[in-house]
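Protein chains: 2
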Amino acid sequence: MCAKRLGEATISLDNAPGVLASASCAGKKEGEGPLARYFDYIATDARCGEKSWEKAESALLRRCFELCCGRAGLAPEALDCVVSGDLLNQCAGSAYALRESGAPYLGLYGACSTMSEGLAVASMLIDGGGMGNVAVCTSSHFCSAERQFRYPLEYGSLRAPTSQWTVTGAGAVILSRGAPPPYVNLITVGRIVDMGVTDASDMGAAMAPAAADTLARHFADTGRDFADYDAVITGDLGVTGSDILRELLGMDGYAPDARYFDCGAVIFDPKRQGVCSGGSGCGCSASVFAGYVLGNMRSGRWKRVLFAATGALMSPTTSAQGESIPGICHAVALENGRD
Amino acid sequence: MCAKRLGEATISLDNAPGVLASASCAGKKEGEGPLARYFDYIATDARCGEKSWEKAESALLRRCFELCCGRAGLAPEALDCVVSGDLLNQCAGSAYALRESGAPYLGLYGACSTMSEGLAVASMLIDGGGMGNVAVCTSSHFCSAERQFRYPLEYGSLRAPTSQWTVTGAGAVILSRGAPPPYVNLITVGRIVDMGVTDASDMGAAMAPAAADTLARHFADTGRDFADYDAVITGDLGVTGSDILRELLGMDGYAPDARYFDCGAVIFDPKRQGVCSGGSGCGCSASVFAGYVLGNMRSGRWKRVLFAATGALMSPTTSAQGESIPGICHAVALENGRD
Chain A
11 MCAKRLGEAT ISLDNAPGVL ASASCAGKKE GEGPLARYFD YIATDARCGE KSWEKAESAL
71 LRRCFELCCG RAGLAPEALD CVVSGDLLNQ CAGSAYALRE SGAPYLGLYG ACSTMSEGLA
131 VASMLIDGGG MGNVAVCTSS HFCSAERQFR YPLEYGSLRA PTSQWTVTGA GAVILSRGAP
191 PPYVNLITVG RIVDMGVTDA SDMGAAMAPA AADTLARHFA DTGRDFADYD AVITGDLGVT
251 GSDILRELLG MDGYAPDARY FDCGAVIFDP KRQGVCSGGS GCGCSASVFA GYVLGNMRSG
311 RWKRVLFAAT GALMSPTTSA QGESIPGICH AVALENGRD
Chain B
11 MCAKRLGEAT ISLDNAPGVL ASASCAGKKE GEGPLARYFD YIATDARCGE KSWEKAESAL
71 LRRCFELCCG RAGLAPEALD CVVSGDLLNQ CAGSAYALRE SGAPYLGLYG ACSTMSEGLA
131 VASMLIDGGG MGNVAVCTSS HFCSAERQFR YPLEYGSLRA PTSQWTVTGA GAVILSRGAP
191 PPYVNLITVG RIVDMGVTDA SDMGAAMAPA AADTLARHFA DTGRDFADYD AVITGDLGVT
251 GSDILRELLG MDGYAPDARY FDCGAVIFDP KRQGVCSGGS GCGCSASVFA GYVLGNMRSG
311 RWKRVLFAAT GALMSPTTSA QGESIPGICH AVALENGRD
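Residue numbers (this note's numbering), protein chains in the order written: chain A, 11 to 349; chain B, 11 to 349.
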């Protein structure tokens, strides 16, 4: 056996993979935000030279993936696997970005939790011994998401204060056996939590209970708390959702302090950039993780980080049919040493 | 290490999990087809008592999952993980079917290859030691797929001779460490193959090259051929697509004989049931695998089977934008003994 169970839901890896390379790409608006210097590439227009926003999303993800492969010194077809997914119907953003890669491909759907879901799956596949180098990718695009999930952009519809701005961005990480730290040491796979929120303009509220469930389980399984991490990071709860998470975890006896932040709450400047409750989308947590988070781990500022991307598993059809919004959150603990 | 590599792309599991339980559910039309006696439950109407076809698909998958858990003697929340996905936008069929399960959940998107993708992922997670019992689920529904991918049913649009009939069906399998055979011994994760087919009414042709690629890689990695298996099974190439696969593999020097069949070509009676080239959808290969295939393995008729579900990774949006259709195929070898 390579991995073992800690408590109810957490898995401790014996041959924890390291991060061989990463790349973070973003759109123009994200490139004007507070994390600008952590992006490896900033697109200058929403089309990325393509004829549609969907093709633009694939082009941005492809660029991010190729940049990451280049840094790893690996040809794409030398990878043992690519795991990827996105928000577009049938995860077409990923399939078209990666169809020429020549690498074995496992498609995921975790909505905006895809980056941590992918890190969890890739880490376990490497730890198990069957794979050596696995890339984890995901993306989102404001324009392709807006017209698929909400209204045609041309409507210029008003936004609710709790609504979030889908990030145009992509993240790619290559995990490898034998790569340098940070290592992915611990994994807590989340369960679906649906507390009955039906407002598709308040995704933070829909996802916060799933984030609270996964973080509480991770802490219970490991005996850790916020104080044991240099940073505890959720995906895209936004300002509203991360306030709800603080409250929920507070009721459970945990005390989210300044070590806690949400990628959606930090990728934009809410006051200056008009994004209401903050950023969202697979590309939000992915680009923040692959740039800002890994950057701070490599510099030594942070030694131990818990990354817990969050996803809302509804579709426009289920919302139209009156269904509430199920949330999910997967957590991975990265450390500059092995456990 | 638990798993090891065979050749370029095949993984041999050391602690290969067995099949603890399975369940296969189908719609009325499928229940009138040649495999009727292998389904554990046959729905009597397309709505399954729900108000919409999407909710009906979730209800059918939920019933299948619960039936499988019951046979395994496991409460859903006792599972270490459920891996599931489907064709509905944002994989909503799975999320809503499983949101009350209380089990950790990993969403997949492999289009109609989901059952073999799920078996591959679940087997590797169990083999790695971190998980003991993992359920693999997927579903499709004729009516929800038809209106999402093609035309509103009320149009009564004409069907092309190469078109396939999306199966209303679901499959669930629980893999476990220490469970009895068949064991999942070998895994070949497929890569995306796109040969430029743009006709969304000819998905078999779009997916056949991916199936040929994965089967040829599996055979090359393992030194096996069709003659080494009692059955080699593709997912949903249909009559047209499986003929193309025979031709492609023939050019590669392999000889698909009577041991080869396609789930889409056997689930319906094409002459009597008016399904053109046969069945398709995640539920096609899943219900055939969980019922007919595992049934024949349990009875001892087949000792060694290669199951290779196939998927088309396009979306209606990419087709409308003139893109060709990328295909994928993942193969898992099941045997009544360990390798």
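Hints listed in this document are in silico derivations from the structure and should not be mistaken for laboratory results.
Backbone N, C-alpha and C fix where the C-beta goes; we use that ideal spot for every residue, glycine too.
Careful, some of the hints might be misleading.
What the hints assert, rightly or not - A short list of chain A residues far from chain B (calculated; beta carbon distances all over 10 Å):
{"#": "1", "residue": "R47"}
{"#": "2", "residue": "G112"}
{"#": "3", "residue": "E156"}
{"#": "4", "residue": "D209"}
Stated by the list, open to error - Selected chain B positions facing chain A (in silico; Cβ < 8 Å):
{"#": "5", "residue": "C12"}
{"#": "6", "residue": "A13"}
{"#": "7", "residue": "G17"}
{"#": "8", "residue": "R73"}
{"#": "9", "residue": "G95"}
{"#": "10", "residue": "Q100"}
{"#": "11", "residue": "A113"}
{"#": "12", "residue": "P114"}
{"#": "13", "residue": "A121"}
{"#": "14", "residue": "E127"}
{"#": "15", "residue": "D137"}
{"#": "16", "residue": "I202"}
{"#": "17", "residue": "T208"}
{"#": "18", "residue": "M261"}
{"#": "19", "residue": "M324"}
Each hint, compared with the structure:
Under the 10 Å C-beta cut-off, the non-interface status given to A/R47 relative to chain B holds; the minimum distance is some 33 Å. Not every CB of chain B lies more than 10 Å from the CB of A/G112, the least distance being 6 Å, so the non-interface label is violated. Distance to chain B confirms A/E156 as a non-interface residue, since its nearest Cβ pair spans about 14 Å, more than 10 Å. Every CB of chain B lies more than 10 Å from the CB of A/D209, the least distance being 17 Å, so the non-interface label holds.
Hint on B/C12 holds. Least Cβ distance to chain A is approximately 5 Å, under the 8 Å limit. Restraint check, B/A13 versus chain A: the minimum CB separation of about 3 Å is within 8 Å; hint holds. Given hint, B/G17 at the interface with chain A, is violated; its Cβ is 12 Å from that chain's nearest Cβ, farther than 8 Å. Look at B/R73: its Cβ only gets to about 18 Å from chain A, farther than 8 Å, so that hint breaks.
Here the hint on B/G95 is kept, as its CB sits about 6 Å from the closest CB of chain A, short of 8 Å. Because the beta carbon of B/Q100 sits about 4 Å from the nearest beta carbon in chain A, less than 8 Å, this interface hint is met. Given the 8 Å rule on beta carbons, the hint for B/A113 holds: about 6 Å separates it from the nearest Cβ of chain A. Because the closest C-beta pair between B/P114 and chain A is about 4 Å apart, less than 8 Å, the hint holds.
Below 8 Å, beta-carbon pairs count as interface contacts, and B/A121 has one with chain A at about 7 Å; its hint therefore holds. A cut of 8 Å between beta carbons decides the hint on B/E127: the least distance to chain A is about 6 Å, and the hint holds. Taken as an interface hint, B/D137 checks out: its beta carbon lies about 6 Å from the nearest beta carbon of chain A, inside 8 Å. A distance limit of 8 Å between C-beta atoms decides the matter here; for B/I202 the minimum to chain A is near 4 Å, and the interface restraint holds.
Restraint check, B/T208 versus chain A: the minimum CB separation of about 13 Å is more than 8 Å; hint violated. The interface hint given for B/M261 is violated, since its Cβ lies 20 Å from the closest Cβ of chain A, which is over the 8 Å cut-off. About 7 Å separates the beta-carbon of B/M324 from the nearest beta-carbon of chain A, less than 8 Å, and the hint is met.
Of the numbered hints stated above, those contradicted by the structure are hints 2, 7, 8, 17, 18, listed in ascending order.
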